[in-house]
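These protein sequences, in sequence, are chains A and B.
The opening residue of the first sequence carries number 7 in our numbering; numbering runs sequentially from there.
The opening residue of the second sequence carries number 47 in our numbering; numbering runs sequentially from there.
Honestly, the hints are just simulated from the structure, not real lab data.
You may find that some hints are simply not true.
[Claimed, not checked] Partial chain B-side listing against chain A, Cβ under 7 Å, derived: (1) 56; (2) 59; (3) 63; (4) 64; (5) 99; (6) 292; (7) 294; (8) 411.
Just so it is clear, CB atoms sit at the ideal spot from N, CA and C, and this is done for glycine as well.
Residues per chain are reported as follows:
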Amino acid sequence: MNKDKEEIILLAHGDGGLLTRELVNNIFLRHFDNPLLRPLADAAVLPAQTGRMAFTADAFVVDPVFFPGGDIGKLAVCGTVNDLAVSGARPRHITASFIIEEGFALAALEKIAASMAAACAEAGVTVVAGDTKVVPRGHVDKIFISTAGVGMIPDNLGLGCHRLRPGDAVLVNGSLGNHGLTILSARENLGLEGGLQSDCAPLNGIIRQLLDKCSGIKIMRDLTRGGLATAAKEIAEAGGIDIYLQEALLPVDAAARGGAEMLGLDPLYLANEGKFLAIVDPTEAALVVEILQRHPFGRDARVIGEVRAGKGNVYMETALGGTRIIDYLAGNPLPRIC
Amino acid sequence: MNVLNKLHDPALGRKMVGRVRELAARAAERLGRPVLLMEVCGTHTMAVSRTGLRGVLAGLLELRSGPGCPVCVTAARDIEYMIALARIPGVTVATFGDMVRVPGGQSSLERERARGAGVSIIYSPADAVELARQNPDREVVFLGVGFETTAPLAALSISHAAELGLGNFSVYSVHKSVPPVLRALLELGDVRVDGFLLPGHVSAVTGSRAFAFIGEEFGIPAVVAGFTPVDILDAIHMLLEQVLAQNARTYNAYRWVVRDEGNPEAQQVMEKYFYPGDAYWRGFGLIPGSGLFLSDTFARFDAGRKFALKVPAVADPAGCRCGDLLRGIITPADCAMFGRRCTPAGPVGPCMVSSEGACAAYYHYGATC
């Protein structure tokens, strides 16, 4: 396309006037349309619910905005939905606020909105409110999205670290590190090969199946920033137990392993956007694996370790028969991965 | 199964652990103490910790870290110079990520960046040239920290910048050479190791022959090692065989990557762009002929000459024992600050910062691993 004719976001698109209205109608309402959003009032009016509600907030600043396996829009929906899902909630509604840099291509914004709409449809949630701000060039980098999400928690469900017992099985639903490596490779133009792509996906479907059929799910955590290592450490500390992981059992696919090895990164600490860790009663571990493996987002699901009595440490039993500590990530951060 | 999978094969690894333990037990019995080997390379330090090998061999064999982490051996005065470069308006320093968190006297590149200085993290020296090309109004300085492995790449970046006619690109070279520091370590004689695990990547450039003096002059066995668990176990096995046979030769256990004579092309590039000079190392002070400085032909790409900054002399951080650690006198756990005042989140010395630093490895993976 001729650069001069390309339609771009102007400061006026964020001034609350005509252009703002046009933007909201032509892009956001067109893609997100639903009865709760349609009035475009100052607040969405939702029917009151009884029982417990989960409420989460998230912000997305990923660079690059488009990457293999997704984009900032899909990430925003999946990230919000997954926070609710691992809390045991059934995600219902989300909000989305856009902070856009002046000069951002309208076509790119449209593509982001479309992929958000597709992710919403897949996850069964609706966008019920939002906001748009445009800032001068250089004041943000391209586009940032801030979300909130609500979901209902079934009455009989009680997840929590207090339920953890020695012998509980630790599971993960597939290969680790793919999102973090994909973003790094795309941003730095590293050209990592082998079909590496983000695992960005809404997990509420697969988690719902688990919770419907298993009563022994004790806690779940999505494995975003800090990866599996950080999530395991947080759970161990909160529960006052130790977690032992088996290095030989960790699922890291060939693409992620190759990339991580080349860059000297540990997949255990790399971000995922479609992976969660579950700790379950050992008697149900086989059933959980079976249910997960039947779902497209859980083909490589497996037991990777167990809970033992302890004081909040995470250990890795290495392939050579050694044991090492897994601690919080410190230093060497990869900024702007989500 | 391809070669790489084979080298990560847990079954093969465990079998080799058994054989190494057996040999180590015999060697320890003969010596009347655990065998003491030094892994020179920071990547080996990390690999050994990550596989839990230290714990598996505990009591029979100790693996002590040496001066093989380039960020760690960079002298405090050079860190200070880099910080001073970053403070110059209009200058962007381009550096590998590890360097930004290393504490200088008062500040660090990370802190300078947060205050608005131009500090850019790159993955290859070529990225720094690209940065200079894209930002003609800024002076881009590549911080050349590394051994024989990264020096040729820095040289190629200068060659590339010259081809592009870039006047705004320079290199602050604190590149160093590994054989001289091992000679210095042996001459100091404050640690007596039974063998050296030699760095595989450095040897790929220098050749295993560059380390022949370790056996010939100092009577200590040495083996060039690769980086997978199987590679490392294989090299340890070869060292133990030598200890038991009272042999002292430099062998190459990484034959599919390292040649005796090294990589002549890389050596030629280094000779063209650098000259060996006396360089400061953390923990060692001045070591003759150990630094790789830009030759006069490329003076215009030498940030040291281009900016000619005067920075005040700075001492190593008070209480920091990185120097003793790099000389192999202590392990991280012997430092009173390790894990207490000095952690990866709040590092006092560079060995806790670098992804190849021994303190970072011991902290992340457990002090006994």
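Exercise. Does residue 63 of chain B pass the interface check with chain A, least Cβ-Cβ distance below 7 Å?
Worked result: With Cβ-Cβ at 5 Å, under 7 Å, it holds.
Exercise. Can we keep the residue 294 of chain B interface hint, with Cβ of chain A closer than 7 Å?
Worked result: Where the cut-off is 7 Å and the nearest Cβ of chain A is about 28 Å from residue 294 of chain B, the hint is violated.
Problem set entry | Interface restraint verdict for residue 292 of chain B against chain A (beta-carbon cut-off 7 Å) | violated (28 Å)
Exercise. Can the hint on residue 64 of chain B be confirmed by a CB-to-CB distance to chain A that is less than 7 Å?
Worked result: violated (9 Å)
Problem set entry | Supplied contact hint for residue 411 of chain B, tested at 7 Å Cβ to chain A | With Cβ-Cβ at 4 Å, under 7 Å, it holds.
Exercise. Quick one, is the residue 56 of chain B hint okay against chain A at 7 Å, beta carbons?
Worked result: OK, holds: residue 56 of chain B within 7 Å of chain A, min 4 Å.
Exercise. Does residue 59 of chain B meet its interface restraint, that is, does its C-beta lie within less than 7 Å of any C-beta in chain A?
Worked result: Holds, because the Cβ-Cβ distance from residue 59 of chain B to chain A comes to roughly 5 Å (cut-off 7 Å).
Problem set entry | Interface restraint verdict for residue 99 of chain B against chain A (beta-carbon cut-off 7 Å) | holds (6 Å)
Of the hints listed earlier, those the structure fails to meet are numbers 4, 6, 7, in rising order.
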